[in-house]
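The hints should help you fit chains F, U and E onto chain H, whose structure is shown.
Protein chains: 4
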Amino acid sequence: MFTLPIRVYYEDTDAGGVVYYANYLKFYERARTEWLRQLDVDQVAVAQELDTVFAVRHIEVDYLRAARLDDQLTVTVTVKEMRRATIVFEQSILRGEEAVSKATVKICCMSPSKLSACEIPPFIRERLPST
Amino acid sequence: MFTLPIRVYYEDTDAGGVVYYANYLKFYERARTEWLRQLDVDQVAVAQELDTVFAVRHIEVDYLRAARLDDQLTVTVTVKEMRRATIVFEQSILRGEEAVSKATVKICCMSPSKLSACEIPPFIRERLPST
Amino acid sequence: MFTLPIRVYYEDTDAGGVVYYANYLKFYERARTEWLRQLDVDQVAVAQELDTVFAVRHIEVDYLRAARLDDQLTVTVTVKEMRRATIVFEQSILRGEEAVSKATVKICCMSPSKLSACEIPPFIRERLPST
Amino acid sequence: MFTLPIRVYYEDTDAGGVVYYANYLKFYERARTEWLRQLDVDQVAVAQELDTVFAVRHIEVDYLRAARLDDQLTVTVTVKEMRRATIVFEQSILRGEEAVSKATVKICCMSPSKLSACEIPPFIRERLPST
Chain H
1 MFTLPIRVYY
11 EDTDAGGVVY
21 YANYLKFYER
31 ARTEWLRQLD
41 VDQVAVAQEL
51 DTVFAVRHIE
61 VDYLRAARLD
71 DQLTVTVTVK
81 EMRRATIVFE
91 QSILRGEEAV
101 SKATVKICCM
111 SPSKLSACEI
121 PPFIRERLPS
131 T
Chain F
1 MFTLPIRVYY
11 EDTDAGGVVY
21 YANYLKFYER
31 ARTEWLRQLD
41 VDQVAVAQEL
51 DTVFAVRHIE
61 VDYLRAARLD
71 DQLTVTVTVK
81 EMRRATIVFE
91 QSILRGEEAV
101 SKATVKICCM
111 SPSKLSACEI
121 PPFIRERLPS
131 T
Chain U
1 MFTLPIRVYY
11 EDTDAGGVVY
21 YANYLKFYER
31 ARTEWLRQLD
41 VDQVAVAQEL
51 DTVFAVRHIE
61 VDYLRAARLD
71 DQLTVTVTVK
81 EMRRATIVFE
91 QSILRGEEAV
101 SKATVKICCM
111 SPSKLSACEI
121 PPFIRERLPS
131 T
Chain E
1 MFTLPIRVYY
11 EDTDAGGVVY
21 YANYLKFYER
31 ARTEWLRQLD
41 VDQVAVAQEL
51 DTVFAVRHIE
61 VDYLRAARLD
71 DQLTVTVTVK
81 EMRRATIVFE
91 QSILRGEEAV
101 SKATVKICCM
111 SPSKLSACEI
121 PPFIRERLPS
131 T
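Residue numbers (my numbering), protein chains in the order written: chain H, 1 to 131; chain F, 1 to 131; chain U, 1 to 131; chain E, 1 to 131.
One chain only, chain H, in its complex shape:
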């Protein structure tokens, strides 16, 4: 399972003294991006050379505990399912042993020029751990 450490800064929090609910989605995406990077996939090159971007189609997020300023969190990434054009990730945000949030994220490969779904580039598919 891939993990990314994340520190909570003022920018992430709100007047309730906790991390603002939309900002967990930033943490989840940073982890998916770093997961791609450690597979040696360069998102910018894939977009420019293969006319393919990864678009989020559906998310489901549980907010279990409140993360706070200065918290040191760990974001996890697991591939739950892969199809021709879509990948479903299971992710979580942990503070030590306890789960702060859990998420299921469905992304779809898109061709920006055609504005339509397209196949996951084969070279990426080959690098993904089979599930």
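Any given hint might turn out to be false.
Note: identical chains are not told apart, hence a pair may lie in one copy or across any two.
[Stated by the list, open to error] 30 Å max Cα-Cα, derived BS3-like pairs, lysine-lysine: (1) Lys80 x Lys106; (2) Lys80 x Lys102; (3) Lys102 x Lys114; (4) Lys80 x Lys114.
The hints are simulated quantities; they were obtained by calculation from the structure and are not laboratory data.
Quick look at chains F, U and E alone, frame taken from chain H:
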């Protein structure tokens, strides 16, 4: 059904040329806040005087189309379900007639001092349309 | 002087209970965008048809008072100076009569394809109030 | 000179394909926070136990080059001046050798309960490199 008009600014977009997926959650919350306001509920006063805040517990979001810079959107709010401590909202983001996104949002009343769930303040419950 | 009303939402605040310092820049930009719009300038069309975007080159911001959740603010826009490729704006954020923040913002017209400064499109210049 | 490495994610960019101008302020603050942390200053404890927070009073930012998605940046922090209640920082954001942005940031120690300026806590002052 309550609706709030929202304009898309540069701050909302990302390098993909579309609204960044986390930022839809900001639009959804602005609409819930204005929905409370038109019921004459002052969130800041409720927090200070009744030790009660509204915390998001669960969200489910469909991303159906891409919203873009300068788009004029409409965010909708409907109460789907109400219990002792929780409210479930059905929300959508429309561009003209077409749905850009749909969401189900479950919020829970919390006592910040006790760090535990608490009842929806009765005066708020009375103002909510029965469902 | 052009003015834009802005409401402070949770997304704008931080754990200090006030508007996060970077988010004032979002308010300032929303006001500049609406100022352009009321001059009937369509930023998206200008970018696509004239290969011209407005890039911020320099800002100077005074933080005078703290804006808070639910505050109703007014953002002002005045053109202080205009040259061939640059415009300097004087802006402020007011809460009622009191100034919450003041800013000087220098923007430059840029050609994204040439990555270099370019002239302010003449049709925009003609619509700007002379200073 | 203290430095912090920062990676640019989608959340940081806008539809112009570059880092949104307000988001550089987040990078600058992350670096000041980590600078404090390596001096072994715990901002949360200082706020709770000493009733003292660091509030930004004035910023001046030069935007010299555009940072882009996936860029690996370095944010620098130098103390330029220290007085009884204020510190002035010189900061920069570098991409390799080239400066992407430069900033001067004046912060002021504030007592949240008294809503007024207060002295820099002596234990922090002692740990600051003299200038």
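Each hint, compared with the structure:
1. Lys80 x Lys106: For lysine 80 and lysine 106, both the intra-copy (10 Å) and inter-copy (25 Å) Cα distances are at most 30 Å.
2. Lys80 x Lys102: Both. Shortest intra-copy (13 Å) and inter-copy (23 Å) distances satisfy the 30 Å Cα cut-off.
3. Lys102 x Lys114: Close across copies (24 Å), not inside one copy (33 Å); limit 30 Å.
4. Lys80 x Lys114: within (28 Å within a copy, 37 Å between copies)
Checked against the numbered hints given earlier, the structure satisfies every one of them.
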